[in-house]
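The numbering of the sequence shown is numbering that gives the first Met the number 0, which starts it at 0 and goes up by one.
I should point out that these hints are in silico values taken from the structure, not numbers from a laboratory. The beta-carbon is built from N, C-alpha and C at its ideal position, and this holds for glycine as well. Any given hint could be a false lead.
What the hints assert, rightly or not - Each computed EDC-like pair below joins lysine to aspartate or glutamate, with the alpha-carbon atoms no more than 16 Å apart:
hint, residue 1, residue 2
1, LYS114, GLU93
2, LYS264, ASP253
3, LYS109, ASP152
4, LYS241, GLU213
5, LYS264, GLU225
6, LYS101, GLU80
7, LYS114, ASP92
8, LYS114, ASP140
9, LYS159, GLU80
10, LYS255, GLU237
11, LYS241, ASP253
12, LYS241, GLU225
13, LYS233, ASP260
14, LYS264, GLU237
15, LYS101, ASP140
16, LYS83, ASP140
17, LYS114, ASP153
18, LYS159, GLU39
19, LYS114, GLU75
20, LYS57, GLU75
21, LYS255, ASP231
22, LYS159, GLU82
23, LYS255, GLU225
24, LYS101, GLU168
25, LYS109, GLU142
26, LYS241, ASP231
27, LYS101, GLU142
28, LYS101, GLU131
29, LYS57, ASP92
30, LYS109, ASP140
31, LYS83, GLU131
32, LYS114, ASP253
Said to hold, decoys possible - Pairwise CB distance ranges, derived in the manner of DEER restraints:
hint, residue 1, residue 2, range
33, LYS83, ILE19, 35 to 43 Å
34, GLU162, SER44, 14 to 22 Å
35, HIS175, GLN226, 41 to 49 Å
36, THR262, GLN134, 31 to 39 Å
37, MET79, GLN134, 30 to 38 Å
38, ARG244, CYS197, 49 to 57 Å
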Amino acid sequence: MAQQDIREERNEYFLTLNTIITDLLYDANCIIEHLTFIKEGILHSEITPINEIVTSLKEAQLHLPLGLHFPFRILESNWMEIEKCITVSAYYDELNIHTILKFPLISHPKYDILKVIPLPTPDHDNVFTLTEVDQPIIAIDNENQHYMTLTHDDLAIRCKQIELTYICENTNPVYHDNTNSLCEIQMYVQNLNAKILCNTRYIRSNHTIWIALENQRVWLYSTACEQTITIDCKNREEYRTKIVRTGQVALYGDCKLTTEDMTVKTIGTIKSTTIQTRLPEYNVTRII
0 MAQQDIREER NEYFLTLNTI ITDLLYDANC IIEHLTFIKE GILHSEITPI
50 NEIVTSLKEA QLHLPLGLHF PFRILESNWM EIEKCITVSA YYDELNIHTI
100 LKFPLISHPK YDILKVIPLP TPDHDNVFTL TEVDQPIIAI DNENQHYMTL
150 THDDLAIRCK QIELTYICEN TNPVYHDNTN SLCEIQMYVQ NLNAKILCNT
200 RYIRSNHTIW IALENQRVWL YSTACEQTIT IDCKNREEYR TKIVRTGQVA
250 LYGDCKLTTE DMTVKTIGTI KSTTIQTRLP EYNVTRII
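Make a model of the complete structure from these sequences and hints.
Structure (structure tokens):
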């Protein structure tokens, strides 16, 4: 009986030791995965205390300075949107690992982010005038009174994109719109009381100039003379239309556009075709 008791105690000891080692390995793997996720700038979904974070955010919201607010609804059901806004990091001190979550606070006014595309305009014969662009990305407030200049790195590195909205750190200087504003701003605002001064140059082309936008179905054009284009879409009759000076062509559906100089074909399927003429010298559009 004594040997059997010893054997049972030994088995129980090794069973307990095995359980402890298993728990330690599980904890170690969780820590490694947690730190690996943090290195990629994301949280481990299985060990993140979502309910505690949401509770803390609700408490913090009660004490925010006037005019500041979180850019999301503070609900557990909205966690996926909240997580997109988080900047996560970690550090350790001896036996402890600390995880730091940073949440942005936003205030009004909001700015529209615009991408500036120089579009040559017919001048005479086959000569076009091209306005030089110094700031391809600008942000302007809703009242067109203040603006900022941005770069692609600003948007990619210093900002977080949530659907069609960018949340950025307020590190760029804000300028007042006045007679000394950037050429791009003056042309966008179209201040009739100020003389718009922009650097321009002349280019020569015997063909219609086409510029493909980031939207794979939209093109800008500039032509020195009236030109006929043919649009042929699947399951629809082919038709022809004329383009003059500058404008925009949007093809929706399985379509092909043919001109004297080129042929373009769309990708994807939507429903209609749009011809827009008489665009300004600049095409200034919101970034989407």
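Practice task
For the pair supplied as a hint, LYS101 and GLU80, confirm whether the alpha-carbon distance does not exceed 16 Å.
Solution key: With Cα atoms ~14 Å apart, LYS101 and GLU80 stay inside 16 Å; holds.
Exercise for the section: Go ahead and decide if the range 35 to 43 Å is satisfied by the Cβ distance of LYS83 to ILE19. Expected result: Because 39 Å falls inside the window, the suggested range holds.
Handout entry: Hinted pair LYS101 and GLU131, Cα distance within 16 Å
Key = violated (40 Å)
Handout entry: Hinted pair LYS255 and GLU237, Cα distance within 16 Å
Key = With a Cα-Cα distance of about 10 Å, the restraint between LYS255 and GLU237 holds, given a limit of 16 Å.
Practice task
Please work out if LYS114 and ASP153 have their alpha carbons no farther apart than 16 Å.
Solution key: Answer holds: LYS114 to ASP153 is near 13 Å, not above 16 Å.
Handout entry: Proposed proximity, GLU93 with LYS114 (alpha carbon, max 16 Å)
Key = Violated - the C-alpha atoms of GLU93 and LYS114 are around 49 Å apart, more than 16 Å.
Exercise for the section: Take a quick look at whether LYS57 and GLU75 sit within 16 Å of each other, Cα to Cα. Expected result: Holds - the C-alpha atoms of GLU75 and LYS57 are around 11 Å apart, at most 16 Å.
Problem - Given hint ASP140 paired with LYS83 - CA-CA distance at most 16 Å - result: violated (24 Å)
Handout entry: Distance restraint between LYS109 and GLU142, which requires alpha-carbon spacing of 16 Å or less
Key = holds (10 Å)
Exercise for the section: Using the beta carbons of THR262 and GLN134, state whether their distance is inside 31 to 39 Å or not. Expected result: 34 Å Cβ-Cβ, so the 31 to 39 Å window holds.
Exercise for the section: Could you grab the alpha-carbon distance between LYS241 and ASP231 and see if it respects the 16 Å cut-off? Expected result: Given pair LYS241, ASP231 holds - Cα atoms ~14 Å apart, limit 16 Å.
Practice task
Would you mind confirming whether the straight-line C-alpha gap from LYS101 to GLU142 stays at or under 16 Å?
Solution key: violated (31 Å)
Of the numbered hints stated above, those contradicted by the structure are hints 1, 3, 4, 5, 7, 11, 13, 15, 16, 19, 23, 27, 28, 29, 31, 32 and 38, listed in ascending order.
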